[in-house]
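The listed protein sequences derive, respectively, from chains A and B. Just so we're aligned, residue 3 is where the first sequence starts under our numbering, counting upward by one. Just so we're aligned, residue 3 is where the second sequence starts under our numbering, counting upward by one.
Check the hints yourself; a few may be wrong.
No copy labels: a pair is met if it fits in one copy or bridges any two.
[What the hints assert, rightly or not] Straight-line Cα separation of at most 25 Å, DSS-like style, residue types lysine-lysine; simulated pairs:
no., residue 1, residue 2
1, Lys64, Lys128
2, Lys132, Lys4
3, Lys190, Lys145
4, Lys145, Lys64
5, Lys89, Lys64
6, Lys4, Lys205
7, Lys4, Lys190
8, Lys132, Lys190
9, Lys195, Lys205
10, Lys205, Lys89
11, Lys145, Lys205
The hints are simulated quantities; they were obtained by calculation from the structure and are not laboratory data. Here the structure is a predicted model, which is why all the values come from computation and not from measurement.
Protein chains: 2
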Amino acid sequence: MKYELYYWPGIQGRGEFVRLALEEAGAEYEDVALEADAISRIRAFLEGADISRPPFAPPFLKAGRQIIGQTPNILLYLGEALSLAPKEAAGRLWTHQLQLTLGDFIDEAHDVHHPLGPSLYYEQQKMESKQRASEFLASRMPKFLDYFERVLEGNGGHFLVGRRITYADLSLAQVLAGLRYAFPASTKRALRKRSRLAELGEKVFARPRIRRYLDSPRRLAFNNDDVFRRYPELGD
Amino acid sequence: MKYELYYWPGIQGRGEFVRLALEEAGAEYEDVALEADAISRIRAFLEGADISRPPFAPPFLKAGRQIIGQTPNILLYLGEALSLAPKEAAGRLWTHQLQLTLGDFIDEAHDVHHPLGPSLYYEQQKMESKQRASEFLASRMPKFLDYFERVLEGNGGHFLVGRRITYADLSLAQVLAGLRYAFPASTKRALRKRSRLAELGEKVFARPRIRRYLDSPRRLAFNNDDVFRRYPELGD
Chain A
3 MKYELYYWPG
13 IQGRGEFVRL
23 ALEEAGAEYE
33 DVALEADAIS
43 RIRAFLEGAD
53 ISRPPFAPPF
63 LKAGRQIIGQ
73 TPNILLYLGE
83 ALSLAPKEAA
93 GRLWTHQLQL
103 TLGDFIDEAH
113 DVHHPLGPSL
123 YYEQQKMESK
133 QRASEFLASR
143 MPKFLDYFER
153 VLEGNGGHFL
163 VGRRITYADL
173 SLAQVLAGLR
183 YAFPASTKRA
193 LRKRSRLAEL
203 GEKVFARPRI
213 RRYLDSPRRL
223 AFNNDDVFRR
233 YPELGD
Chain B
3 MKYELYYWPG
13 IQGRGEFVRL
23 ALEEAGAEYE
33 DVALEADAIS
43 RIRAFLEGAD
53 ISRPPFAPPF
63 LKAGRQIIGQ
73 TPNILLYLGE
83 ALSLAPKEAA
93 GRLWTHQLQL
103 TLGDFIDEAH
113 DVHHPLGPSL
123 YYEQQKMESK
133 QRASEFLASR
143 MPKFLDYFER
153 VLEGNGGHFL
163 VGRRITYADL
173 SLAQVLAGLR
183 YAFPASTKRA
193 LRKRSRLAEL
203 GEKVFARPRI
213 RRYLDSPRRL
223 AFNNDDVFRR
233 YPELGD
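Next comes chain A alone, as it looks inside the complex (with noise of 0.2 Å):
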């Protein structure tokens, strides 16, 4: 099957956790935030009066006649797919809790620049952003590496769930990756004292296929209209 992927151009976003369980499996698929009528292919879905299961937001990907939204549930759906997660149902649970887990450390980090929500630009809230960035890299942000780390101990090391890669995995060393961009100091500290997550980024991101695409043109560079954002000012 030939999947659609449907993000918005120009960053990486939330759908680059579902591009990299694609690109990991090797996956037919076409990227259409790489066309030129993206938004209108979209909105179409948005807001298309036919669209009987539609998504409330991208990224949301078309398999056959299905449409399947939100990231956690889209990479539930490739877990099983394209085999990047546990064939057993509690293995399979676990795997998408540690994803929505990962979701919520998104959704952190992403608030950093947007503490006052998402309709205004951070150039409107950068004082409150200050105070949220002192907050996320002082507190939440050990806090979910901490939990992350502690994890990855409790099976041995190599992957957080069994012996085999799964899409957590892979939305990890993203989340890492993000970080590095968004914090690099407070990242470069917080992952010399946590060897296993370290390990865990270099790994996957040095896997034959993720290396390929990361090479690629496709993989677009972290920027500041993006989930992760670099802005010295916040204090790191």
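Chain B: place on chain A using the hints.
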């Protein structure tokens, strides 16, 4: 199977979405929040060195030997176990997608009183909350409500998915109740214009088992330590 639900005492919070599913299905469960040693029993799972798949935070559900965390993940599990979701894969994913979108809505309703992050008190971020509330009421709440009204309409107006109640309907009714508590005037106006949502909320809360639960002492009142909070100074 007798389930054990672990959640902080004193609030409905995210645990309430799980409670409503358990109650609607007439499932047997221990609500650990009602026990005197709730906090230490929760901590044993969050911090226990012998827990191989630790939850990041409550709520979590013990189902036999399985410990399942993250509200939407618990509902994904219970949807199948308690027949509160369609049996076929596409319908199950769609129900989960709606739940995840409700989760985003709940997060934004929470962030109204915590724009600078979860580690500070509301009293330390009142000014910022006021700005965030005005954005929420003017832009975000209508967008989410329009979406769910449209999904109800697309499905014939009765339930969100198919012809039977799912956990997503229960959660939507709870969100509407929370909004009615936190922003009574805005919610009243909003539901007058969205009759399917208003009807769904009433219908769900009139179901015999849900009614019995809501009338019982087990149902806590909304309060200002909870996700949905009533602060008239925020502009409603």
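A quick look at each hint next to the structure:
no.: 1; hint: Lys64 with Lys128; result: neither (37 Å within a copy, 43 Å between copies)
no.: 2; hint: Lys132 with Lys4; result: neither (44 Å within a copy, 47 Å between copies)
no.: 3; hint: Lys190 with Lys145; result: within (16 Å within a copy, 39 Å between copies)
no.: 4; hint: Lys145 with Lys64; result: between (35 Å within a copy, 23 Å between copies)
no.: 5; hint: Lys89 with Lys64; result: both (23 Å within a copy, 21 Å between copies)
no.: 6; hint: Lys4 with Lys205; result: neither (28 Å within a copy, 41 Å between copies)
no.: 7; hint: Lys4 with Lys190; result: neither (39 Å within a copy, 46 Å between copies)
no.: 8; hint: Lys132 with Lys190; result: within (20 Å within a copy, 36 Å between copies)
no.: 9; hint: Lys195 with Lys205; result: within (17 Å within a copy, 53 Å between copies)
no.: 10; hint: Lys205 with Lys89; result: within (23 Å within a copy, 38 Å between copies)
no.: 11; hint: Lys145 with Lys205; result: within (23 Å within a copy, 41 Å between copies)
Of the numbered hints listed earlier, those contradicted by the structure are 1, 2, 6, 7.
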